[in-house]
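Listed below are the residues making up each chain.
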Amino acid sequence: MIAVFMEKRDGKIKKSSLEALSEAKRRAGEMGVETAAILVGDAVADLAPAAFGRGAAKVYLIENNYLADYSSQAYALALAEFVREAKPAAIFFAGTAMGRDLAPRVAARLGAGLASDCVKIAVKAGALEFTRPIYAGKAFLSLTLRSTPKVATLRPNVFPLGEAVPGAGEVIKMDVTVPDGTVKGRVTEVIKEESAEVDVTEADMVISGGRGLKGPENFALLRDLAAVFPRAAVGASRSAVDSGWIGHSHQVGQTGKTVSPNLYIAVGISGAIQHLAGMSSSKVIVAVNKDAEAPIFKVADYGILGDLFEVVPRLKDELKKALAE
Amino acid sequence: MNILVFVKRVPDTESRIRIQHETKSIVEDGLNFVVSPYDEYAVEEALKLREAKGGTVRVVSVGKDEAVAVLRKCLAMGADEAFLVKDDSPETYDGLRTARIIARAVERKFAGTDLLLFGKQSVGADNSQVPAMVAELLGLPQATVVTKLEVEGTSATALREIEGGMEKVALALPAVVTAQKGLNEPRYETLKGIMAAKKKDIPVVKLEELGLGPDELASQVEVTGLDVPAQRQAGRILTGDPAETARELVRLLRTEAKVI
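Chains as they are written, first to last, in the working numbering: chain W, 19 to 343; chain U, 5 to 264.
With beta-carbon atoms standing in for the labels, derived distance ranges: (1) W:G262 / U:K196: 24 to 32 angstroms; (2) U:T194 / W:R249: 46 to 54 angstroms; (3) W:P178 / U:P94: 32 to 40 angstroms; (4) U:A115 / W:G129: 19 to 27 angstroms; (5) W:K308 / U:V31: 32 to 40 angstroms; (6) U:P207 / W:M49: 45 to 53 angstroms; (7) W:K30 / U:A200: 52 to 60 angstroms; (8) W:N83 / U:K28: 41 to 49 angstroms; (9) U:S93 / W:K138: 25 to 33 angstroms.
Note that these hints are calculated values from the structure, not bench results. Note that the Cβ used here is the ideal one computed from N, Cα and C, for glycine as well.
This is chain W alone, in the form it adopts within the complex (with noise of 0.2 angstroms):
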């Protein structure tokens, strides 16, 4: 079995875990062994149908009060409880903020391996191959894992979401207990930013301004760009977050984020090799720079070579007409 942890934003399972289902699902089915999704909180039954329709075969309900809130040590301790009655071959986390602190935890509890951001799962003599990059993208390394359960997080934005079919499947309740005492840290409040714009690594398509822009004030140009898609973010060079010009978590890059949109869009970026590492398995890249020179159009599907500030608007425009047709 192998079996994928769905997370759970805002009262629904989040895209990301989905994707890691529908990958599930595939390799599962080159290995001959069945899909399942396991459910962590307080009342997340409700979820079960969404798990189904992506491909599960079975979901587990690990449902308690002490779960309501996050908490990477109660968590943790479910799903070891989960592994050692479910006992899957593999356990897939999507690489989210909550993957990302869980996943760890959940494999050195069990004493496993843990192969972290993968882009790519492969099938190999029946044992799963996982691909992930290292330097932020500057080599990418493929292994194996030792032991078993194999534990995993999944990019997201890289795994193609399968289709969604009506399904229903068995759900198995499970019951864990959390001991009084355990859980010395959880989460208590989550605070969400007040524009809600998408995050950079789960954005369709990502627009990103450096020191080309000039100023803070004219990230203004390329956030109206960005409105016109349904699901853009908007990036940033570090340069032009090391200025104060915008919010690290915004950064795309080896100390920022790597990020793989289908539409990456550099405006007045350089391109430094920091830079390049992060967002170079976009789909397609597209640059705006005024120096024939910058290190971007090499790496670039189109440029333009040109003033942004006469581009950007233009090409809004441009967008909105195009895409309204």
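On the provided structure of chain W, position chain U as indicated by the hints.
Using the frame of chain W, we list chain U on its own:
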């Protein structure tokens, strides 16, 4: 309060990575090694906490002798003591192995620690595994990817970055916290600090002293391949009238690239 900070020696972010295919490893010749950038935020946070609350800041690195250089940098920034846990094995990319070494070192050598600080990930292996694994092995709570940390008595509150917002995490100390960019602005070493750091002894903890069995030190990871990504090809550059180039770009994105 007694703070331990864990740091790793890594190639700087300007490095071009080359592969040694026979050994499936990175070519280290010609690389410039530094303290992993996120670890610097961890060191800075420790120093700030010591300034506010007193106590000690001890810095630990697991690695080869060369890691002494990054430990000296941390001493020059102001850490009280530095220790090398000597591990001569090449990079395994296995977080669990390193976490077991660290957890055992904390139990055997650094009892009485209130706070264990790490960078949110090493720049390089990019695993983000070790800190949370150490927390689990030691039964400690954790807050990872933290941009704000407040310590009050025996508890702490951390703000951690999540998609599209922040999470507030309440922790009872001792705890594990990992630093994200934005937590603080790391200080530069002073000349006086650099001179003092040169004179400091950096004790070496041998792996054998930790009493870990061969099973615990075996890597769970078998590397089956290591490669650099295919170079992207430079594409088409549009020049001329801004309105026309914008129109042409949108046409290409729609009809040729088919992304919109």
